[in-house]
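Enquirer: Following the hints, position chain R against chain A.
As you go down the protein sequences, you meet chains A and R in turn.
Counting in this note's numbering, the first sequence runs from 102 upward without gaps.
Counting in this note's numbering, the second sequence runs from 1484 upward without gaps.
No lab work stands behind these hints, which were simulated from the structure alone.
Check the hints yourself; a few may be wrong.
[Claimed, not checked] Taking CB as the label site, the calculated pair distances span:
id, chain 1, residue 1, chain 2, residue 2, range
1, R, Q1739, A, R147, 57 to 65 Å
2, R, K1609, A, Y645, 42 to 50 Å
3, A, L184, R, Q1739, 47 to 55 Å
4, A, H529, R, T1495, 16 to 24 Å
5, R, I1487, A, T474, 42 to 50 Å
6, A, A369, R, Q1625, 25 to 33 Å
7, R, P1734, A, D517, 33 to 41 Å
8, A, P314, R, Q1763, 25 to 33 Å
9, R, I1487, A, D517, 20 to 28 Å
10, A, T181, R, G1582, 48 to 56 Å
The beta carbon of each residue, even a glycine, is placed where N, CA and C say it ideally should be.
So you can see what is in the structure, the chains are spelled out below.
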Amino acid sequence: MPRDIHLLIGGEAGQGLVTIGQLLSKTLVRAGYEIFVSQSYHSRIRGGHNTFAIRLGEGPFSAPRESIDILVALNAETVTLHLEQLTGRALVIADAAFAPDLPGTIAVPFAELGPEPLWNTAALALLGNILGLSSEALYQAVETMLGKKHPEALAENREIMEKSREWAARHVPEHDFTLTTTAPAADRLLLNGNEAIALGALAGGLKFCAFYPMTPATSIVLELITHAETMGCVFEQAEDEIGAINMAIGAAFAGAPSMVATSGGGFALMAEGVSLAGMTETPVLIAVAQRPGPATGMPTRTEQADLEFVLHAGHGEFPRAIFAPGSIEACYHLTQKALALAERSQSPIFLLTDQFLADSSRPIAPFDLAAITPVIAGVEPDAAVTPYQRYRFTDNGLSPRLLPGMSEQLVVADSDEHDEDGHISEDHGVRIGMVEKRLRKFTLLQQEAVAPELNGEKGADLLLVCWGSSQGPVQEAVAVLREKGHSVAMLHFPQVWPLVPDQFLDLLQASGKVVCVEGNATGQFARLIRGESGFAIPARITRYDGLPFTARYILKGLENLAAVEVRP
Amino acid sequence: MISIEEYGKYETAWCPGCGNFGILNALKHALVACELAPHQVLLVSGIGQAAKAPHYLKVNVFNGLHGRSLPAAIGAKLANPELTVIAESGDGCMYGEGGNHFLAALRRNLNLTILAHDNRVYGLTKGQASPTSEQGFVTKAQPHGSFAAPFNPVAVAVTMGASFVARGYAGLPEHLAGLIAQAIKHRGTALVDILQPCVSFNKVNTFQWYKEHCYELGEDHDPADHAQALRLALEFGARIPLGVIYKMEKPIFEEQFAVLKNGPLVRQEVSREGLGKVMQGYV
Chain A
102 MPRDIHLLIG GEAGQGLVTI GQLLSKTLVR AGYEIFVSQS YHSRIRGGHN
152 TFAIRLGEGP FSAPRESIDI LVALNAETVT LHLEQLTGRA LVIADAAFAP
202 DLPGTIAVPF AELGPEPLWN TAALALLGNI LGLSSEALYQ AVETMLGKKH
252 PEALAENREI MEKSREWAAR HVPEHDFTLT TTAPAADRLL LNGNEAIALG
302 ALAGGLKFCA FYPMTPATSI VLELITHAET MGCVFEQAED EIGAINMAIG
352 AAFAGAPSMV ATSGGGFALM AEGVSLAGMT ETPVLIAVAQ RPGPATGMPT
402 RTEQADLEFV LHAGHGEFPR AIFAPGSIEA CYHLTQKALA LAERSQSPIF
452 LLTDQFLADS SRPIAPFDLA AITPVIAGVE PDAAVTPYQR YRFTDNGLSP
502 RLLPGMSEQL VVADSDEHDE DGHISEDHGV RIGMVEKRLR KFTLLQQEAV
552 APELNGEKGA DLLLVCWGSS QGPVQEAVAV LREKGHSVAM LHFPQVWPLV
602 PDQFLDLLQA SGKVVCVEGN ATGQFARLIR GESGFAIPAR ITRYDGLPFT
652 ARYILKGLEN LAAVEVRP
Chain R
1484 MISIEEYGKY ETAWCPGCGN FGILNALKHA LVACELAPHQ VLLVSGIGQA
1534 AKAPHYLKVN VFNGLHGRSL PAAIGAKLAN PELTVIAESG DGCMYGEGGN
1584 HFLAALRRNL NLTILAHDNR VYGLTKGQAS PTSEQGFVTK AQPHGSFAAP
1634 FNPVAVAVTM GASFVARGYA GLPEHLAGLI AQAIKHRGTA LVDILQPCVS
1684 FNKVNTFQWY KEHCYELGED HDPADHAQAL RLALEFGARI PLGVIYKMEK
1734 PIFEEQFAVL KNGPLVRQEV SREGLGKVMQ GYV
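Bound-form chain A, shown alone (with noise of 0.2 Å):
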């Protein structure tokens, strides 16, 4: 079997190659085939150039691939952007009317096929003859996505699946993408990392979340609406950011485990919600879907450069912790963590992803339900303890947060300095007493802290630092330099706040040569780790042109650095 294949469909906004992609890819998974997704898309609701890029076969594969095996063209335009990118094997299926006069061509009559409605179902039959799908495997999953809404369009659709394969047994040249049979994985879950965070939320007893439609971190929330009877959550849109995080704070004082997601310019209007968990101690998670700046910039677009924005936003000081989770496992995994350490460390706890990983989707295990332990909110109240203090005094900066109107108690919280009863104070004693007392909290987010994880042997020659999504493709760049012999390892931070120097400093210095990996063109995580740690990691490969990396993008940064000889 090819053990990498690169299908990428591409066209205007509105000509269903989603729909394409996404019947293809469940398609696929159900059969037990490895496939990674990633959609790239413009800006606007109709038009433009958008693709949906599927690499399949043996993998597993954790990036996206430049290089084009297969390419469904649904316009003219679409060839003419990918031509370069086409590998010498390629097939490329086209309408007659616009295809290129190039070996491995599938100049396809769709017209002839059927009505221009159905193309996109023509061009699936034509996909699933090629790679050696079942027609029925094909068929059930446009039933299965038809079936409720449409069952009208199913007999038409079935008819131009038929007509189409008959065709393509006819006319597609000889090619080596045809799959062989795997064992079908009937349980896996097709997730993107939206909707794994999504899913973690709710598996971590999220019981409210406020937004203001944002992309790429819209998806989240519409993904928990659509869970929220099920699950027993209240999700609001608010009338703008502000409005959000002040309603999530709001909720979460009141017992509801709460959350914002958004992107950085939504972001930047939270800021001074972000100083009111802080100075309120109200537990808060916020997301925060990177996207290119400054201001509008590229909002479908990809990067890490809010890492400073985010660890710094919110006047004042207070403690926070800032998890950047690099693949869809960790999406989930981490989304619970952060929830459940803002309501143990009452702040506002930070979920740090990008467009790149909300977009891209993965075939993984189903998880484990048993395992979850859902946040709670609040504690019993302690009748030794009265008169109620909110912000009563404690060694580990911690004090027991009792919610409103659950007992007899009344709960204070003042986003001004304030006693430990909660109310406005402008004595210079308690203001110390409290500014010591929420630092003190942060000792707990240090010893939570997650570590970065090393792939490989301390002491390698090359290490590749990176934080957040950089992960997947990072960790294919070091599989084919080790598949060429050289020495390397990948240390990969998921969690980029607080920082713990003991848990990865060794590691570095152990290193022949460090290179820092990251989606922007300053290197803000390689300055941070030097302010925590000390350590200056001499040599970056960065990236801000909107689009995600790939292993290929990294072996050629490394060349240029001469960090490493490759021949990609």
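Expert: Chain R alone, transformed into the frame defined by chain A:
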């Protein structure tokens, strides 16, 4: 029976003669009249001299950010609809910094009360024009007089079809207590815009000025009559009407969330069975 003493007595940071004293007193009487125990009540405020009011009575308090009392109040009410939630702040906080939240709150119609102390000037920052200051109102920040036209919160609320709109006056605490009690009992978002003098920074709209301009609405006004309510809401000059200007029954926002029929969110456990179904949806 709840006694007014249960709501406590605190030293305040207000100027002697401030209208806030009358409002605080009226609020306490209203809470007693509604037979609410302190722990059933959550007061949410923003920042300003009015926003300090929750610190001066014994209830649950969330004193949040300037302009943001309403979203915090809405979040709390959605998390626990059993709480009696009152958002209390000044005109600058409620109508200026929080203007968008004010409009959105009226559209939603949660079962909560908005008390806006409206002294038509910024007090805590020492005397700049507020959204409700008269045009031409001279301050150190507006030395040639405020150029902007004043915001009429009552007219805006009536126009939007808010379900309860009233105007009170700090100098008539008994009348005001009655309005606040009606607002708390009203099912839906209830706005009480409370006119008050600022003895330190508003030398125009004084006790004497309000005495000359304000009048109490009589029995002849039907708050269900929207056209009449709108006329009264726009009457803000030589004569200013006090009382319930407009009132109607509208669907309650939080009652439309099916899950809130099961009580506060904090009492709703995570269903593993439900989660299993959700996960199955990704297969």
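Enquirer: Hint numbers the structure violates, sorted upward?
Expert: 1
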